[in-house]
Every structure is written in C-alpha cells, then in structure tokens.
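Residue strings, one per chain:
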Amino acid sequence: MSELDLTALPRPVKQPWQVRNPRNTWLVAAASVLPMLLSVLITVVANIDATLATILVFLPLQIIASVGVGQYIFGKKGRGDAILVIFTIFFSTLVGVLLVSVMFSVVVDGLRAMSPQFFGQNNHYISSTTSLEYGGVGHAILGTLLIVGLTTLFTIPLGILIAIYLTETRGRMRSTVRTLVQAISGLPSVVSGLFIYAFLIAPSFSSHGLTQQAGWVGSVALFPLMLPTVARIAEEALRLVPQELRNGAYALGAPAFKAFWQVTLPAAKSGLITAALLGVARIIGETAPLILTTAPSNDTNLNPFVGQIATLPTYLYGYINQVQATSQQRAWGAALVILILVFVLFTLARVLGSAKSTKAKKRK
Amino acid sequence: MENIATSASHLRSEDVNVWFGERHVLKNVSLNFPSNQVTALIGPSGCGKSTFLRTLNRMHELIPSAGFAGKVLLDGHDIYDHDVDPVDVRLNIGMVFQKPNPFPTMSIRENVLSGLKLTGRRGYNASELVETSLRRASIWNEVKDRLNDPALSLSGGQQQRLCIARSLAMDPEVLLMDEPCSALDPGSTRRIEETITELSDSMTIVIVTHNMQQAQRVSHQTAFFLAEEGNPGRVVEFGKTDDVFNSPIDPRTNDYVNGHFG
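Sequence order for the protein chains is A and B. The letter at position 66 of the first sequence is residue 66 when you use the working numbering, and the numbering goes up by one with no holes. Just remember that the working numbering sits 364 ahead of the position in the second sequence, which is counted from 1.
Please note: incorrect hints may appear among the correct ones.
What the hints assert, rightly or not - Under the rule of at most 27 Å between Cα atoms (straight-line distance), these lysine-lysine pairs were calculated in the DSS-like manner: (1) K77/A to K435/B; (2) K14/A to K435/B; (3) K481/B to K77/A; (4) K481/B to K463/B; (5) K508/B to K76/A; (6) K481/B to K508/B.
If you're looking for bench data, these hints aren't it; they were derived computationally from the structure.
Using the sequences plus the hints, can you model the full thing?
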C-alpha cells in the first residue's frame with residue numbers, strides 16, 4: 001500500500017445526511033406554509049374565532065399535508081413520523097405561547113410600577129390613592145427573603161438527608177418514607193397554613209397560646225410544601241449516580257461515609273443544587289399559608305420571630321383586591337418582582353453549579 | 365426472503381473520511397468487501413476501526429459532532445446518497461455490538477422477533493423464523509426449551525449469540541460486528557467464530573477485533589488501521605489475511621501482528 005498524505009483536512013461544512021433532495025425540500029416547505037395560509041383564509045372568510053380555528057381548521061389541515069408529504073417521501077413509515085412531528089411542534093408551541101403570554105402580561109403591567117423607590121421603599125405612608133412615585137415593596141422583598149431563607153435553612157438539609165436515606169441506605173422504612181413524602185407533596189398549601197394556624201396561633205386567643213402571627217410561623221407553614229420537592233428531586237439526583245462509581249470507591253477500601261462524601265455527593269452536586277432551587281421556587285410565591293400565619297405589615301421588619309411582617313405574595317394579594325388603578329399596578333409590580341427574584345436565583349444557581357465543574361475539567 | 369443462502373451483497377468504501385467535531389480521525393479509507401467474504405479490521409485502540417465500521421451502516425451520524433465525506437457503495441449504490449433513508453440502510457446492513465445488548469424487558473423469543481416488530485413487518489412464520497435464526501446463530505439447542513424466559517437469564521456468551529440471531533432474523537445482506545467476543549470467555553468466543561464461518565456462506569461480514577488469532581481464524585481478508593500521533597487514522601495494509609499476517613509489506617504491520625506494539 002502506497003504511503004498516504006497524512007495531514008488532517010478541515011471538516012466539510014455540510015454532512016451527507018444534511019443534504020436533502022431539493023424536490024423534498026420544496027415539498028416540506030409547501031407542507032409547512034400552505035396549511036397555515038389556507039386556514040388563515042378559511043378563518044377570515046368564514047369569520048371563525050381564531051383560537052377555535054387553530055385547533056379545528058389548522059391542525060387537521062397541517063396533519064393531512066404533513067402525512068401526505070411524509071408518505072410521499074418515506075413511504076408508510078413517513079406517516080407516523082409526520083404525525084409525531086406535527087403533534088410535538090404544535091403542542092410545544094401552544095405551551096410556549098401560553099407561557100410567553102403570561103410572562104408578557106406580568107412584565108408589561110409590572111413595568112408601569114417599576115422605579116428605584118419601588119424596590120427601596122416600604123409602604124409606611126402609603127394610602128390606596130398615593131401616586132406610584134412613592135412607596136414600594138422593599139419591606140416585602142426583605143420579608144420574603146427572610147421567611148423563605150428560614151424555611152430553606154432547615155428544609156434543604158432535611159430534604160437531602162431524606163434522599164440519602166432513600167438511596168444510600170437499606171433502611172427498612174424506605175418505602176414508608178417515600179410514600180409519606182409523596183403524600184405530603186399532595187398537601188394543598190392552604191391546608192398546611194390552616195394546620196399551623198390551628199396548632200400554633202389559635203390557642204393563643206384563649207390566653208394559654210403559643211405565639212402570635214409572625215414570620216417564623218410562616219416559615220413553618222411553608223416547610224411541608226418545600227420538603228417533598230427537595231427530597232424527591234435530590235433522590236433522583238443521587239439515584240442517577242452510577243452504582244459503578246460507588247463500587248469503585250468501596251473497592252479502594254473507602255468507608256461508606258467517605259465514599260458518599262467524596263465520590264457520590266460531588267457527582268450529584270448539580271442535581272442537588274437543582275433540588276434546592278426548585279424547592280425555593282416552589283414556595284417563593286406561596287400565598288395562602290402566609291395569609292393565615294403572618295400578619296401583613298407596611299413597615300420594614302427584619303425580625304422574623306416577632307411582629308407583623310410583609311411578604312411579596314401577601315402584598316400582591318392585599319393590593320390586587322382593591323379598586324384603585326395605582327393599587328392594582330402595585331400588585332402587578334410585586335408580581336414582576338417575584339419573577340425577577342426567581343430569575344436571579346436560577347441564574348445564581350446555574351453559575352454556582354457550573355463554576356466548580358468547569359474547574360475540574362480544566363485540571364484534566 | 366429470497367436470498368437466504370444465496371449470494372450476499374457486495375460492499376465497498378471509497379475515500380471515506382471521518383471527523384469528530386473539527387478532529388479528522390479517518391482519512392481516505394477505500395476498502396472492498398466482496399460478497400460472502402469475512403473481512404477483519406485490526407489495529408491499536410483509537411485508530412478509528414470501530415468508527416469506520418459504524419460508517420458502513422450509517423450509525424456514525426447518530427453522534428452529534430460527526431462529520432463524514434466519501435462513499436459507501438452497497439451493490440454499487442451509495443448509501444450516503446440524499447435519496448437514501450438511513451433506516452433502509454440499516455435494514456440491509458445489520459450490526460452486532462461489543463457488549464451484548466438484548467432488550468431486557470423481552471423474552472428470548474421476543475428478542476429474536478424484535479426487529480420485525482420494530483419495523484412493522486407482517487406475514488412471517490414466527491416460530492419458524494425464531495428457530496432458523498437461533499439455529500444460524502448456533503444457540504438453538506441451548507434455548508429451545510425456554511424461549512419464553514427473559515433474555516437476561518442467559519449467560520453473556522448466549523446473550524451475544526441471541527443478539528446475532530436478532531440481527532439474522534432481519535435477513536441482512538451484510539453483518540457488521542464490533543469486537544463481538546471481547547466480553548466473552550474462550551468457549552463462547554469459539555462458538556461465535558464457528559457461527560461467523562457458517563454465516564459467511566450467506567452474507568458479507570465485517571468484523572472489528574483486537575484478537576490476532578481470531579482475525580486469522582475467521583477472516584478471508586484483513587485491513588490494518590493505524591493512527592499515528594496527531595494524524596488521522598488510515599489503512600496501512602489491506603490484503604488476504606494470510607499475506608497480512610505472514611508476509612506483511614509494511615514494517616508497522618509486521619510489528620503489530622507480531623505483538624511488538626499496540
């Protein structure tokens with residue numbers, strides 16, 4: 001065999017499987033555009049409601065067109081593929097549109113209330129007719145961070161411990177614990193609030209009570225809502241760590257605790273961060289338990305253990321029920337602030353989760 | 365079902381080039397796989413022989429960063445032509461993997477028939493096909509009394525022969541085998557080698573192997589792949605198995621087949 005030229009060549013821009021028969025490209029393009037044009041025409045001529053027409057006119061037309069083209073290009077197996085593709089695209093677009101429109105309305109209505117003082121000021125001198133230049137949700141942001149932070153502080157370790165018990169041990173109670181955690185996840189938030197109210201607050205009316213409404217009582221009411229989310233996602237994250245990895249550590253003579261701490265836990269880290277995060281996202285907008293267990297306040301209160309305290313959801317709830325335009329705009333503003341908080345949290349966790357793993361890659 | 369035990373197809377690669385991302389891993393591989401012949405692909409790890417095998421039935425393009433240039437001709441028709449559906453290619457060119465991968469939720473019998481179910485074929489005689497396929501894979505006598513047992517109840521070597529039977533049930537014209545014996549004991553390996561020899565009467569076989577003796581035992585022709593530091597892999601020597609092992613032209617082939625490196 002003769003000696004070959006050994007130099008590496010650049011990769012071709014287009015791979016053979018990316019090249020389509022131009023006739024098929026035209027057919028696919030026609031099948032993507034024609035049903036839409038046709039259904040717009042039908043909708044306008046027959047004067048049907050647009051939403052109704054999307055489902056009753058556009059979807060069937062699109063399926064017929066795609067199945068026809070699929071059959072023409074790929075034969076019998078093309079039909080199933082076409083139906084799958086159409087349903088996937090159609091319903092994911094539907095969900096996407098719903099999601100975007102919710103976000104859009106919150107952002108558009110919320111932005112009217114936005115200003116630096118909306119973040120920085122509390123609600124002390126504000127009446128329902130005060131203009132939007134005064135007052136804000138600063139006290140509610142702090143209250144939400146305090147209450148959610150307090151809940152997070154004891155829920156995340158406990159949730160992860162439950163997950164460890166479920167995945168890393170052979171305890172006899174595992175199936176019971178798993179069932180209980182699942183049962184708690186079905187608990188309506190208002191029931192959680194009501195329970196804590198009846199248990200901790202209501203007895204105080206008869207003078208031998210435990211506590212007044214306060215931030216920490218809200219935290220306790222949020223606990224059963226957050227715990228199952230954290231525990232279940234953390235369990236999934238730990239379960240995804242391959243058994244071979246643990247075996248590798250055990251075969252080196254590592255005690256179970258160290259194998260978990262140095263091998264399993266780092267491998268599951270990003271999943272555990274996701275668990276914590278989704279747990280926080282689950283409770284940050286919870287309203288009903290806080291209405292029952294905390295007393296709303298117009299002032300800044302940095303002590304979650306004593307006195308009235310405001311939170312974003314209760315602030316929103318308090319204002320959205322009022323008739324004045326400014327009040328309603330404050331409520332939308334609070335909704336936007338909650339979205340921003342969640343967004344910041346998610347970004348933060350993504351950055352934290354990926355920072356360490358890229359470092360490990362570089363070392364290699 | 366017309367071509368059982370008749371002439372198989374003839375496969376040929378022309379200037380096959382493969383990339384992963386921007387890395388050029390195989391350069392200008394042109395090999396001829398005549399019908400009813402067994403071709404062994406040998407070479408050190410990482411020289412691209414498994415990758416090349418995967419280009420022969422378009423499994424390669426399932427890897428997201430994959431790049432490809434060249435032609436693979438099955439009976440003269442390029443399987444990379446834009447009118448060819450990769451699904452049809454894989455119907456005609458079967459593949460057996462390094463690690464046995466029977467479908468865990470199916471019984472032995474269902475595993476053999478899984479290809480026909482997955483491609484929606486009808487009008488076959490199921491019990492006859494199961495028996496023929498298992499016989500051709502030399503596993504019939506071991507499993508004929510427990511066809512409804514789960515596939516995972518078989519030993520590793522039996523699982524691999526079941527996977528071969530599963531491919532054979534589709535009656536492919538070409539069978540690609542990627543180190544089919546590397547996870548098996550010598551006894552199972554011998555059984556599979558006998559199977560390969562019998563199958564070559566009715567089909568074209570390409571086998572990747574790290575085992576020099578195996579290449580000598582089962583193949584008619586051998587291609588030696590090599591990737592030197594920083595360069596794309598390529599075929600250094602290709603010819604009749606006897607010639608490649610006993611009178612190699614290239615000194616590197618000589619070193620490799622005699623165990624001096626790799």
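Checked hints:
1. K77/A to K435/B: holds (26 Å)
2. K14/A to K435/B: holds (15 Å)
3. K481/B to K77/A: Between K481/B and K77/A the Cα gap is close to 13 Å, so the pair holds against 27 Å.
4. K481/B to K463/B: Status holds; Cα separation ~23 Å.
5. K508/B to K76/A: violated (35 Å)
6. K481/B to K508/B: holds (21 Å)
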